[in-house]
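Participant: Put together the whole structure using the sequences plus the hints.
Protein chains in written order, with the numbering used here: chain A, 1 to 300; chain B, 1001 to 1600.
Because the hints were derived from the structure by calculation, they are not lab data. We treat Cβ as the ideally placed atom computed from N, Cα and C, and that holds for glycine. A few of these clues could be false.
[To be verified] A few chain B residues that don't get close to chain A, going by computed Cβ distances all over 12 Å:
hint: 1; residue: Leu1032
hint: 2; residue: Ile1146
hint: 3; residue: His1452
hint: 4; residue: Ile1566
[Claimed, not checked] No farther apart than 27 Å at their CA atoms in a straight line, the calculated lysine-lysine pairs in the DSS-like style are these:
hint: 5; chain 1: B; residue 1: Lys1125; chain 2: B; residue 2: Lys1011
hint: 6; chain 1: A; residue 1: Lys33; chain 2: B; residue 2: Lys1485
hint: 7; chain 1: B; residue 1: Lys1125; chain 2: A; residue 2: Lys287
hint: 8; chain 1: B; residue 1: Lys1522; chain 2: B; residue 2: Lys1485
hint: 9; chain 1: B; residue 1: Lys1186; chain 2: B; residue 2: Lys1485
hint: 10; chain 1: B; residue 1: Lys1125; chain 2: A; residue 2: Lys33
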Amino acid sequence: MTELLQHLVNGVSLGAIYALIALGYTMVYGVLKLINFAHGDVFMLGAMVGWYASARWTNEARDPSIAGALAVTLLAMVVCGTVGFVIERAAYRPLRGSPRINSLITAIGVSFFLEYGGQYLFGPNPRAFGVLPHRANFIGGGISVGYVDLVTIGTSIVLMALLQRIVFHTRMGTAMRAVSWNPSVAALMGVNIDLVISFTFVLGSSLAAVAGILYASKYPSVHPLMGLMPGLKAFVAAVLGGIGNVPGAMLGGLLLGLAEQLVSGYTSSSWRDAVAFSILILILLVKPSGLLGRTDAEKV
Amino acid sequence: MAGFFGGSAVKRAWRGLRSWIPFFAAIPFLYLVEATLASQPSLEYAFQNINHIGIAIILAVSLNLVNGLTGQFSIGHAGFMAVGGYVSAVMLMRGPAQDPYRLFFVLSILAGAGAAAVAGWIVGKPSLRLRGDYLAIVTLGFGEIIRVIIENTPFFGGAIGLSPIPHRADFTWIWATAVATILIAKRLRDSSHGRAFLSVREDEVAAEAMGIDTTAYKVRAFVISAFFAGVAGALSGAFEGNLAPQSFTFVRSFEIVAMVVLGGMGSITGATIAASVLTILPEYLRALANLRMVIYSVALVVLMLVRPRGLLGTTELWDFVRRRRPRAKGKREATEALIDVRRASIRFGGLTAVSDFSLEVRPRELVALIGPNGAGKTTVFNLLTGVYPPSDGTIVIMGRDTRGLQPHAIAHLGVARTFQNIRLFRELSAFDNVRIACHHLTRESMGAAVRHGELSVVEERWIAERSEELLEIMGLSHRLEELAKNLPYGEQRRLEIARALATGPQVLLLDEPAAGTNTREKGELMQLIRSIRDRFGVAIVLIEHDMRLVMGVSERILVLDHGVTIAQGLPREIQSNPKVIEAYLGEKYAKEHFGSGAAS
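Facilitator: In structure tokens, the structure reads:
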């Protein structure tokens, strides 16, 4: 029982990170119908900015302060938001309206660029990561909850509440939803599509930055290919919840994190990738629109 | 039969062999190159790259069958490559130490490729119901699962991989296989099956309406493609001497997809060139050390931005060299035909789009279906062609209940249609649009198409002649090679009719053929509809808003309003029917001009 609870806690913490990344995928897919494969690498970039900033600003020997961690996170958000903006401007916008497979290839190209660029600048080897202050684990009832896990869950709840607010209660959020339903009609109604799409990229990328820092703190290391698997998993989470659907991404992330943690906890951790994809395939075959997604029928 | 030993058997064998000349010619040449150059130590590195190119070509050309020709979105190709590679490698490592004619090697390749094809079938059968991005993710997921399974199976060497695998694949073997793959892909593409693949890519709904079983073709493309991926995997393992699961991640799949897209979707030569360029590019950039992959990725993005349709687009290198069309003869006799709809209804959620609809179409009859916008006219066509199954009632076509039949099966029964919002295969020529519709009339197997058998040659000629004739009747002879999307609007509508006729229908359903045409063209259309009926002996059901056309051409009219049949009869009767006038012009108008609801 305690073992199960332990896995649940770890699963929720991992799922919260997946959810944060998945939100970026799902929002971009919503407005552009594009799988932004580079998103996982923006997540990596967030962790990397965190590593550079903390190496410069904080003393290795001293315990990092909470204010320092906040500053580092903010910086990572700004950098990733900018990178997200530039990626959309330079690589995706010229291809808008061309076949989707082209945009996908471009996205893969951008993803490769970030990975190999990262390897060039950062070196291929993992480096230790310490942005958050060190605190002892909370132990009670046989369960040990890491400080990082608590911060992760707390941060995710705050950010998701904020995002919910933005998407459903602001003008920009309304515009985003309008574009996701029908871009050309939204444009006719006076919505500045370019602005909305740019905003979506900035928003999604800065969320990914936070996720990157949390993830790197959880498994305390950074390396240029760290975005690959979490990025893919987060995409799976977005599809699981219903791609294009904001609450769906949160739900999908959480479920995937839990499932993965349970499987690797009770069997072997080497199967966890296969399990994540099996769940995905199952959901796509049974309900392709995802748990909370909407179904579109083609008109003849 | 004299022909058994005489000329025709020889001729047939010769024709079969002749089509393989490029392959047989290539082997001695490859062998010579290998014998003279490959053994030189200075060229060892070059040949290693050349062999990698050969394997990449097999992968790209085979994936092109799915992603390019059939327009499906698979990014799990590396998984099938792994299946082929591992099955073959396990056999080779346990097989005889000496393999004089490499017969055992061939066997292992076939076993590996067969296993990959089976895997392709298992993956494709359920997931090809999905489209676009979803299919992409599922294939990616399957590819990853295959890798994880291999990684966790000690029999396959686990995470460390298999080594040493006997070195059985060399330059000659790899390149002979690459040439064969290209040839087979070209044969398939040029056949009726290839056009069926293309029609799935262009417009699935229209392809079904033309009698093509789109699901079956997607699965076929997928299985064939997986088979060749397996071949490539087997060759790769026997060339490198080792296999590791890390080399079959989705990154590998991406690279193959990039080759297909960069080459131009559906272009075999394009895929070949792109496979070569993308394999060699990182090698040439090796001098730049760590920066090379950065440059590679930038090049990928820039190429995509500069040439979004790929290097060659949908054309082939050999298209520039020669352009020859096959020709031949023949025509099908139409038998007695009938549509019999009894009290059919369809509901979408709470909305009843069509209720209690009954219609009988007799041979050579001209029936018009009219009614205000949203009356349910096109829905009736969708019911007749099996796009939607009826919620209630029965639809009998040619004496057969159509319950549970897919649109392509109904097309086979002899019902062809055009679409209100033109649904041509836009990126294909007018000629190909019509040829695709002849597909279900042919018997040629895929194997025959690849072998270039007697039947396939005769059928190709017959299809060509039939298509040319139809295009001529529709006044489109001069547009034969023009892409459908480039035709003017009126000609697109006529091309749709030609395409529908090519399926050899007994009932032709025309959905607003006059929409967007001017008065003169409408007059011509009226003539055309009559002449189609006389010439092909088909019954025609017409949806049309232009009353002059409807009244001028039809023998019987049905009027729908809000899904209900409010009137039917001769054109004369319909014109003065108060209910019809009310439906079109409103109750008030009907009362003012024709008295209170009752007029002559």
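Participant: Does the structure keep B:Lys1125 and B:Lys1011 at a Cα separation of 27 Å or less?
Facilitator: violated (40 Å)
Participant: Does the alpha-carbon distance linking A:Lys33 and B:Lys1485 stay inside the 27 Å limit?
Facilitator: holds (24 Å)
Participant: Is the Cα-Cα distance between B:Lys1522 and B:Lys1485 27 Å or less?
Facilitator: holds (22 Å)
Participant: Does the no-contact call for B:His1452 survive, Cβ to all of chain A over 12 Å?
Facilitator: holds (31 Å)
Participant: Does the alpha-carbon distance linking B:Lys1125 and A:Lys33 stay inside the 27 Å limit?
Facilitator: Within the cut-off at roughly 25 Å; holds.
Participant: Per the stated criterion, does the least C-beta distance between B:Ile1566 and chain A lie above 12 Å, as a non-interface residue requires?
Facilitator: Since the minimum Cβ distance to chain A is about 24 Å, B:Ile1566 lies beyond 12 Å and the statement holds.
Participant: Is B:Ile1146 truly not at the interface, in the sense that its beta carbon sits beyond 12 Å from all beta carbons of chain A?
Facilitator: violated (9 Å)
Participant: Measure nothing beyond the straight line between the CA atoms of B:Lys1186 and B:Lys1485; if it is 27 Å or shorter, mark the hint as holding.
Facilitator: holds (24 Å)
Participant: A cut-off of 12 Å on Cβ-Cβ distance, and B:Leu1032 was said to be off the interface with chain A. Does that hold?
Facilitator: holds (38 Å)
Participant: Tell me if the straight-line CA distance from B:Lys1125 to A:Lys287 falls inside 27 Å.
Facilitator: At roughly 16 Å apart (the allowed maximum being 27 Å), A:Lys287 and B:Lys1125 satisfy the hint.
The earlier numbered hints that this structure contradicts are 2 and 5.
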